[in-house]
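Colleague: The chain contents come next:
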Amino acid sequence: MRVITNNLRLFWRGTLLSYVALFAWLRPTTYAASKILMPLAQILFFSILGSYGTGGSNVDFYVIGNAIQIAAVSGIFGVTMSIGGDRWAGTLPYLFGTPANRLMMFFGRAFMHIIDGAFGVVIALGWGALLFGVDFSQTNLSALGLTVIITTISTCGLGLLMGCLSLLTANVMFVNNTVYFLLLIFSGANIALDTLPNWMQGFSQVLPLTRGIAASRALIAGGSFAEVSPLLVNEIGIGLAYGWLGYLLFKWFEYQAKRKGTLETV
Amino acid sequence: MKFRNIFVYWRTILRVAEITLRHQWNDSFILFSILVQPMIIAVLALFMLRGLGGDYAMFVVVGSGLTGLWSSLLFISGNSINGERWQGTLESLVSTPTPFEVIVFGKNLANVIQSLLSMTASYLLASLLFGYTLQLVAPLLFIGSVLLSIFAFISFGLIIAPLFIMYRGIQQWQNAMEFPVYILAGFLFPIAMLPGWTTPISYILPPYWAARALHETSTGGADLEKIMLAWGMMLFFSVIDLLIASRLFKVMLYKARVDATLETE
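Sequence order for the protein chains is A and B. Mapping of the first sequence onto numbering that gives the first Met the number 0: position 192 corresponds to residue 191, and the numbering continues sequentially without gaps. Mapping of the second sequence onto numbering that gives the first Met the number 0: position 168 corresponds to residue 167, and the numbering continues sequentially without gaps.
The hints are simulated quantities; they were obtained by calculation from the structure and are not laboratory data. Worth double-checking, as some hints may not be accurate.
Pair ranges (Cβ atoms, derived) [stated by the list, open to error]: (1) B:Leu146 - A:Leu129: 52 to 60 Å; (2) B:Glu17 - A:Phe135: 37 to 45 Å; (3) A:Phe224 - B:Gln134: 46 to 54 Å; (4) B:Asn25 - A:Ser228: 42 to 50 Å; (5) A:Asp193 - B:Leu146: 39 to 47 Å; (6) B:Leu146 - A:Ala20: 30 to 38 Å; (7) A:Pro92 - B:Ala191: 53 to 61 Å; (8) A:Ser228 - B:Met192: 54 to 62 Å; (9) B:Leu146 - A:Leu181: 32 to 40 Å; (10) B:Leu146 - A:Thr28: 35 to 43 Å; (11) B:Leu228 - A:Gly144: 31 to 39 Å; (12) B:Leu228 - A:Gln137: 46 to 54 Å; (13) B:Thr198 - A:Thr28: 23 to 31 Å; (14) B:Arg10 - A:Gln204: 53 to 61 Å.
Reference listing, derived: stretches of chain A covered by chain B, where coverage requires no fewer than 3 residues with Cβ under 8 Å from a Cβ of chain B [said to hold, decoys possible]: (15) 197-206; (16) 209-220.
Here's a subset of chain B near chain A, in silico, CB distances under 8 Å, partners left out [as the list claims (entries may be wrong)]: (17) Ala44; (18) Gly50; (19) Leu135; (20) Leu139; (21) Trp196.
Beta carbons are placed, not taken as given, at the ideal position from N, Cα and C, and that holds for glycine.
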């Protein structure tokens with residue numbers, strides 16, 4: 000019982016501190032800009048572009064796709080910075096010097112970003128309703144809420160993997176930005192997946208977000224929770240798989256760093 | 000910045016541009032801004048606009064290239080003074096007899112020229128990977144538009160860099176400024192798609208006139224009157240931008256000397 004309590008305390012402390020630490024350099028205005036204005040600008044750009052391409056029909060497709068894709072801002076950038084931040088701040092040796100449970104420590108880094116990311120998606124969907132008149136009257140809102148949380152969890156899973164890459168390479172922002180933009184193509188946020196070539200469709204299926212976006216579109220169009228639940232099960236499965244891969248990489252990095260004495264090298 | 004300084008210090012400008020190009024070619028964020036992001040936007044737009052038919056692929060090539068130009072101007076030129084500060088070279092640059100804005104002009108020249116790779120990359124992507132046959136409606140006028148666009152973007156960048164230094168509050172919105180200009184300048188769709196009240200904002204943005212000139216000479220009707228209007232507006236805004244930049248640089252350097260804040264964040 001005591002072990003569980005200690006681990007939970009570690010999880011919560013790590014969660015809170017790694018999130019608060021972000022604001023040591025991230026100013027509140029910058030945060031607000033990336034949380035409120037950037038999603039709005041992205042939704043506007045791709046929705047108008049899609050509207051131009053389709054002659055004004057099916058704007059909801061682009062609005063919902065991009066609103067859900069906003070989960071990747073916290074999921075990829077936020078989580079990566081929380082994990083990589085220990086290296087930049089020079090606290091990684093202390094972290095690896097503790098006997099703390101690595102699993103708790105690792106997954107704790109993503110927890111606040113799940114809440115933060117889901118909040119970002121809600122804001123983005125709010126923009127969609129306000130500016131593009133996305134109709135939620137037929138929507139099972141609690142199912143949509145669950146979908147948003149599951150999608151954010153799965154995106155954070157990918158973020159955990161990317162975060163570990165930030166321990167291995169100095170070019171992580173290049174990788175993160177590339178992954179974020181590739182998700183705009185492959186997740187189906189802006190292009191109907193069945194219009195993509197087969198190899199691209201195959202790649203979409205192993206990514207987080209793809210099923211979350213499809214489920215959100217179905218729910219907003221009036222679909223039932225039972226219809227989308229298989230999508231959600233797969234979505235969370237993919238997210239956990241990425242998170243687990245990240246954890247293995249994290250353990251491998253710790254092992255190699257201690258063995259070769261390369262903790263502080265990039 | 001005094002217009003004649005461009006001619007007086009042309010060798011310095013070229014040398015600064017050369018060093019900046021060499022230096023930046025190893026920066027992965029710059030490679031992302033000028034190559035990866037515009038290419039991904041090009042792929043997205045090629046899929047999303049294929050219903051338009053006609054020569055939409057060339058329109059996408061030019062539009063996505065312009066997104067690379069703007070992102071590069073915003074993030075790379077916008078941080079060009081800060082970059083020197085982070086490297087500890089700002090004091091030396093400010094204390095040389097060469098006007099500081101001339102040095103930043105050279106850096107912006109490098110940024111804008113390397114950003115033209117965005118258009119080339121999108122061109123290769125559309126022609127080689129997607130198999131489109133791409134042709135310019137008026138190649139010579141297009142080249143003229145590219146040259147004037149370079150000048151307009153450099154001049155615009157000369158305002159952004161000192162503004163970001165003097166008013167940190169503005170720089171904090173940097174991430175949120177990328178897509179709005181893609182939208183307002185009509186890089187990938189006409190501004191007629193936007194509400195009427197946004198049109199005056201588009202008109203005061205040099206990237207809008209650059210997009211108009213480049214689209215008109217690549218996929219438009221090559222209407223000489225429209226092209227001349229866009230060229231004229233780019234020149235007009237470039238002169239205005241240089242005048243404002245001259246004042247901004249004076250204020251920035253004066254403030255830095257009085258407050259001794261050249262090396263402080």
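Colleague: Evaluate each hint against the coordinates.
Modeller: Going through the hints against the structure:
Remark: the range hint 52 to 60 Å for Leu146 (chain B) to Leu129 (chain A) is contradicted by a beta-carbon distance near 42 Å. The beta-carbon spacing between Glu17 (chain B) and Phe135 (chain A), approximately 56 Å, falls outside the hinted interval of 37 to 45 Å. For Phe224 (chain A) and Gln134 (chain B), the hinted distance range of 46 to 54 Å is satisfied, since their beta carbons lie about 52 Å from each other. Range check, Asn25 (chain B) to Ser228 (chain A): about 49 Å between beta-carbon atoms, so the 42 to 50 Å window is met.
Checked against the hint of 39 to 47 Å, the C-beta distance between Asp193 (chain A) and Leu146 (chain B) comes to roughly 44 Å, which is consistent with it. A hinted range of 30 to 38 Å is violated for the C-beta pair Leu146 (chain B) and Ala20 (chain A), which are about 47 Å apart. With their beta carbons about 58 Å apart, Pro92 (chain A) and Ala191 (chain B) fall inside the hinted range of 53 to 61 Å. In this structure the supplied range 54 to 62 Å is violated for Ser228 (chain A) paired with Met192 (chain B), their Cβ-Cβ distance being about 38 Å.
Between Leu146 (chain B) and Leu181 (chain A) the beta carbons are some 33 Å apart, a value that agrees with the proposed interval 32 to 40 Å. At about 37 Å, the beta-carbon gap between Leu146 (chain B) and Thr28 (chain A) stays in the expected band of 35 to 43 Å. Distance hint check: the CB atoms of Leu228 (chain B) and Gly144 (chain A) are about 51 Å apart, inconsistent with the given range 31 to 39 Å. The hint said 46 to 54 Å for the Cβ distance between Leu228 (chain B) and Gln137 (chain A), and at roughly 48 Å that hint holds.
Take Thr198 (chain B) and Thr28 (chain A): their Cβ atoms lie about 28 Å apart, and the range 23 to 31 Å holds. Taking 53 to 61 Å as the suggested C-beta distance range, the pair Arg10 (chain B) and Gln204 (chain A) conforms, at roughly 56 Å. Check result for the stretch 197-206 of chain A against chain B: violated, 0 residues qualifying (beta carbon to beta carbon below 8 Å, three or more required). Counting residues of the stretch 209-220 of chain A whose C-beta sits closer than 8 Å to any C-beta of chain B gives 0, which falls short of three, so the coverage hint is violated.
Among the interface hints, the one on Ala44 (chain B) holds; its C-beta lies about 7 Å from the nearest C-beta in chain A, closer than the 8 Å criterion. Here the hint on Gly50 (chain B) is kept, as its CB sits about 5 Å from the closest CB of chain A, short of 8 Å. For Leu135 (chain B), the interface hint is violated, since its Cβ never comes within 8 Å of a Cβ in chain A; the closest pair sits about 22 Å apart. Interface hint at Leu139 (chain B): violated, since its Cβ lies 29 Å from the closest Cβ of chain A, which is beyond the 8 Å cut-off.
A least Cβ separation of about 14 Å between Trp196 (chain B) and chain A goes past the 8 Å threshold, and the interface hint is therefore violated.
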